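Asker: Here the protein sequences come in this chain order: U, E and D. Residue numbering for the first sequence follows our numbering, beginning at 1 and increasing consecutively. Residue numbering for the second sequence follows our numbering, beginning at 525 and increasing consecutively. Residue numbering for the third sequence follows our numbering, beginning at 947 and increasing consecutively.
Fair warning: there could be bad hints in the mix.
The calculated label-pair distances, taken between Cβ atoms and stated as ranges, are [as the list claims (entries may be wrong)]:
#1 A492(U) - E896(E): 45 to 53 Å
#2 P981(D) - L484(U): 32 to 40 Å
#3 P250(U) - Y770(E): 48 to 56 Å
#4 N796(E) - G1260(D): 53 to 61 Å
Taking lysine to any residue pairs in the SDA-like style, the calculated list, with each CA pair at most 20 Å apart, reads [as the list claims (entries may be wrong)]:
#5 K929(E) - L698(E)
#6 K294(U) - A881(E)
#7 K45(U) - L584(E)
#8 K341(U) - E1256(D)
#9 K331(U) - G1260(D)
#10 K231(U) - E1256(D)
#11 K413(U) - F828(E)
#12 K674(E) - K718(E)
#13 K1409(D) - S329(U)
#14 K1220(D) - I1283(D)
#15 K824(E) - E299(U)
#16 K1117(D) - F474(U)
#17 K309(U) - R830(E)
Which residues of chain U face chain E? A partial, calculated answer using Cβ under 10 Å [to be verified]:
#18 L52
#19 I124
#20 T245
#21 E299
#22 A360
#23 R373
Hints were generated in silico from the structure; no laboratory data involved. None of the values given here were measured: they were computed from a predicted structure. No residue lacks a Cβ here, since even glycine has one placed at the ideal position from N, Cα and C.
What follows is the residue order along each chain.
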Amino acid sequence: MGFPKIAYRALEDVVGPEFVSSDPSICIAYSRGGYGTGIYDRGKKLPGCVILPKDTEEIQTIVRIADRYKIPYIPVSTYFIGFCTPLRSNTLMIHLRRMNRLEIDEKNMSALVQPYVSYSQLQIEAMKRGLFTCATMAGAQISVLANHISFGQGQLTHRLGIGSRRILGMEWVLPNGEVLKTGSVGIPGAGYFWGEGPGPDLRGMVRGYSSNLGGLGIITQIAVKLFPLPKPCVPEPQGITPRTTFALSPDTFRWYMINYPTPEACVNAMYEISKAEIGAVVMRTPSLWRNIRKATSKEEFWNLYETDKVKIEQSKPNVIRVLLIGFASPKQTDYEERVLKDIAEETGGSLRRVPDTGSADCFQPSYTNCAFRPGGLFISTKLGYDSIDHALIYLKEGMKIKRAFMPPLLDDKEECGWICSYDFGHHAHGEITSYYELSEENSAKVLEFEKQCILQDLEMKAFMGFQYGAYHDFTGPRMGDYHLLLKKIKMALDQNDLSNPGRFVMIDPKKEDKDSYYSLMNRD
Amino acid sequence: MTLENYRYDATYCPRCSNCKWIDHVYMKSSRFAMICPSSARYLFDTYSAQGRMDLALALLDGHLGWGPKVLDAIYKCTLCGACDTMCKRNIDLEILEVLKGLREKVFEERKELKTHRSMVKGIKRYDNPWSRPRGVKTGWREGFSVKNVKEGAAVLFYAGCLPEGEPQYRLPRLALKILTEAHIDLGVLGTEEKCCGSLSYQVGERDVSLDIIRKNIETFNGLGIEELVTSCSMCYGMFKAVYPAYGKLNFKVSHVVEYIDRLIQDGRLRFNKTLDLKVTYHDPCHLGRLGESYVHWEGKRTEFGRLVPPKEFRRGTFGIYEPPRNILRSIPGLELVEMERIKENAWCCGAGGGVKAAYEDFALWTASERLEEVKSLGVDGLVTCCPHCEQNLSDAAKHNGAKIKIHDILDLVWAGLNGMEV
Amino acid sequence: MKDILFEKLKGICGQFVTKDPKILEDYSSDFSFVPPRRPSFVAFPETTSEVKKIVEIANDDRIPVIPKSSGMGFQGGAIPSEGGIVLDLRRMNQILEIDERNRMARIGPGVKYSQLKGALEEYNLMGLNPLLPHCSRSVLTSHLERDPMLIPKFEYGDPVLTMEIVLPTGKIFRTGSAAATGSPDETVADLVGPHGPGLDFNKIFQCAQGTFGIVTWMSIKVESVPKIQKLYFIPFDTLDDAIGPVYRIQRLMLGNECFMLNCTFLASILSQGKSDRFESLEKDISPWTLLLCIAGGDRRPEEKIEYEEEVLKGIGLEFHLKLSNTIQGGQGGETWIEEILRKPWPEALPYWRFAGKGGCRVISFHTTFDRISQIHSAVFERFHIPSEKMGCYIQPIERARACYMEYGISYNPSDPKEMEETKNLEVLLNEFLYQQGGFFTRPYGIQAEIVYGRNAAYAATLKELKQIFDPNHIMNPGKLCF
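The whole structure should be built from the sequences, with the hints applied where relevant.
Answerer: Structural data, given as structure tokens:
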């Protein structure tokens, strides 16, 4: 049965015929995510309809129509992650493409953004005004809003914190069509400058370490924090594709690599750097990533990989990447450099300065599809969020599981994975990224690998912060039954389970879910 | 190559949306941040490269039938190659080949648009896409003496298909006047000049296109020339990037801007006049990111999609970006002010891919967007070096009442040589 | 029934439960104007298990429960609206853990600032304190209620990490990485990840005035004590003059503690409870003083101070500031400030907010720093409150991206007429501030009526959540919008 005509006509009345379509050739482009292909999008359905609203009022009406006719819907913007793929028939994809408002409050260092503003757009406008945003590792083309309410890991989190720390006021269309304004937004004329409260902070319902995956309505605009550069700074790009980059003034921006013999030594250094309150980027990077960035083609990558893998196995490099920024003055950069050298020496690290063109990858990253350079697909597992030590522990254990799944996973010769510092080392997230080729058989193995990683975390009593909807039913009972609270919240705010059903938390598995990511994770 | 050959590329599209934006490193404002006209205009993701990858897979697997919306999504695309270039900055996927493959499939299954069908018929019958008599190709030569290349010449000047009565009709004449001033030994094919086949190729028609290509290769190879020079970027793109796939060319292919740049560097052309003008330059797609030479590759895919033997991907790196800029910078008094989206990041003029014929409103919209970018610079004029770009941008300026003059670079070169008014 | 309940409570807490009317009277009011209401019982549990058992009983019998950890209150948050059991958590005063490596402390609700400071000093660590909290202020409650930190240089204005909560149903719930299996003692997590599980539940419990559950421990960020520091006191005649410099200082990330006081509040602090000294100081101190602490880092502290001072001097020249290490008109009070800056107010002295007349109504809100002068002028023009009666504290938050602004209206608590006038003023002033765009992020009393009355969707959503967490509505009923 196709998308209900009566609902379609109602939607057409809202946005006009030009901005809604149930044609399969339109819907087909909304049926597949990129990251998580073959895993998160298992059991996917072809959407029934796609609509392009222009403002909050239209979204309210659309949500009410969906509620009236019991039509599931999914809000999407730049749509990179496979959790946006529909699991229910006749899902309405609410594509927020037309909502691209961007306003910067330079004095109070914030930006008001709607869903279709990319990091690169925000970054360049911010930099002209002497400000910057913490661009995500997922890439400069990603929606600022979607990323802040979902993940928000970027290189600069050592100083700037994770995405949720950077959200100020929000406007949110609830599944009942009401507009919820959080923080100062609820005060007429006050604007978006502050996000907490009033009273209990409902931003807590938007995400934890990761997102509610559009399961509690649609966020239509938010203010995000911006951060000060020492002075307005429009970077001068250099080079021609594929080797484009920019450097920022070395008086103020300096990049370093510190090599350690063991991951433990690496982690100790990260703690010392954090305690010294220096640095803007502090992270342990997997060796594979360096080859991904160095290469400008898949072949070049594989040549580097083949050359390096023996070296890596023998020397086991553990590298911390550091960016120092002289926010107050170039003397701050000098000071922090001296401190960094002290730390490197004390902790047995070998420090070297690296080209300042690393700034392009930091401020305008092209990581997403750069991460696909080796070919195949990749998956991130073991995404815990606690301390730097905790990251090391569960990552090292996780590598043992990973080895058991090689192949189909590429052997990257890693001892642990990516460890990224947040809030001056008060927290860290760790992640193992693994490459594999797409096939039914491989996807099944990768799913099993992911599940084993989670089970291992539960067994070893680690905290796997990245709880996706598919895990809650088997992690919840071991973690204070939080999953029951999630279900109650879902049912309270979205009683018909229409807002991206089956993703935030599974309320009512249907027959059509039997091959979905959720069902496969919860089998056995 | 058929669409099936590029199934891997469509499958492994990571849906990252990079195909919609300019290289982020080169972004100068949020206003002029996008690079895909189709996606910017039609908004639904199907109108982006990543959406078309999904279309391709669905058509290949029989999950989607042919309908007006499918053709709409396929053909409301100027095939400017921006998506391909942006994607290839980071990974090795042949996005543009998938888009071309989709069009080929349309023709294979005889679902082509009426307008394109007529255009191809015109090319087949009259050697031009406007179904005008063959003589129209030589009308611009009236009163201008140039030998037939068969009399023997080092350089073949290829005029391309220019509609009679249109302002662009002046361009081959200008080019020849300039090259003659430099005493270049050149000739033309006159009425024997066939269409390069670009437009029929771009819309996906293969039989007529390949017939034209092979015949042209045979003809050109038989002329004993050292170099083919053209003033049309679309023709240039065909000769450079497509023709060698179907036969070896025993001559060099150049755009007239490359040639003129060389002449200036060698001191064989000198500007005598000062032009007190502030202009900006628009990079034609087929000269820029699509103007790289064809690279032959034959092989297979192995693990992780590695190609054996390794393939050299065309990423837009070696397009013709500097020669026109060199020319403009060497004209005394002329100030070149760059737009935000330039070189491999250039926003398409809107004319290519069969869009001008089938979707005039989209073509004008795209050109209008480019003119907005020009407006923000406060310049006297926009310069390009492709008659299709010039025509579409001029049409848009007229349509919008924009007071911006559109020049071909040859106008400014000639004015710089002879003091003619521009 | 009351007797049965009392026996049940005694069965849990032993002697540490009372229904003595005199003691109940003490819990019926605080320094706010909230109408006094007595609880039925006060219990003093010592462990989470005791709290859990009490809550379970209360939940079964639908008896209100009001958690209280601080010795005194300014906002009426722990005054029962409908009787019930006040849980005084003072006995849960263990410092459960100090993790030097991760710069974290885990504390029970009964831990006070002086106790924590002493424990942290051993590790050369310090808490992220608010301004001179009352000696009986619970550190946990202070963080739960989002008391603004004195140090705005961090991008986190919220040092809360993980929490253990007894939910209104009696279930024990832990937030963030404390949700890991085996928490808190057997998990490999260090209990420093604030996010999750699933959603950021910790945000729901903050500024909830105990309406969603009882926090039985909390882990918080702590930081290194600066090895050396220099205090600067920058006088301003008007708030307008301060706006540019503060933005610049914060934009360049200079200094640790950074806040402003008007002459009244600064005099209150410097006078140390002596009213004659208060009067003379209040006249001599400049109308506004910005306090900025330039602090040396953990390493090479002198070098850090050197470059920061150089930048500060540049700002001073640009804005024609008087950069001084002494307080203009402060009669040598800078020594006192240096001594107490990171401490709670000494127990032996009358609380500084009460200097002047002995009573003080605190009215606070958030705004952007560029509006402080406009708002302050508007308040003065509308209400004509004499400056000696109105203290003002302005705290830049998260690099002056916003600021916390607090008025302390002093009054004589022994004068009923003055009390009534102050009460009326409180209502009018709060309404006025709201109209000026002031945001009550932690709405107490009348503020709650104002904000929730005009943000229906927020109130409705909170009620939905309340129904989930506290289906029998036992937790501190009558607060916020419940």
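Asker: Next, verify each hint and record whether it holds.
Answerer: These are the hints, each one checked on the structure:
no. : hint                           : verdict
1   : A492(U) - E896(E): 45 to 53 Å  : holds, 47 Å
2   : P981(D) - L484(U): 32 to 40 Å  : holds, 38 Å
3   : P250(U) - Y770(E): 48 to 56 Å  : holds, 51 Å
4   : N796(E) - G1260(D): 53 to 61 Å : holds, 54 Å
5   : K929(E) - L698(E)              : holds, 18 Å
6   : K294(U) - A881(E)              : violated, 43 Å
7   : K45(U) - L584(E)               : holds, 18 Å
8   : K341(U) - E1256(D)             : violated, 23 Å
9   : K331(U) - G1260(D)             : holds, 14 Å
10  : K231(U) - E1256(D)             : holds, 17 Å
11  : K413(U) - F828(E)              : holds, 17 Å
12  : K674(E) - K718(E)              : holds, 15 Å
13  : K1409(D) - S329(U)             : violated, 49 Å
14  : K1220(D) - I1283(D)            : holds, 16 Å
15  : K824(E) - E299(U)              : holds, 14 Å
16  : K1117(D) - F474(U)             : holds, 19 Å
17  : K309(U) - R830(E)              : holds, 18 Å
18  : L52                            : holds, 5 Å
19  : I124                           : holds, 5 Å
20  : T245                           : holds, 6 Å
21  : E299                           : holds, 4 Å
22  : A360                           : holds, 5 Å
23  : R373                           : holds, 5 Å
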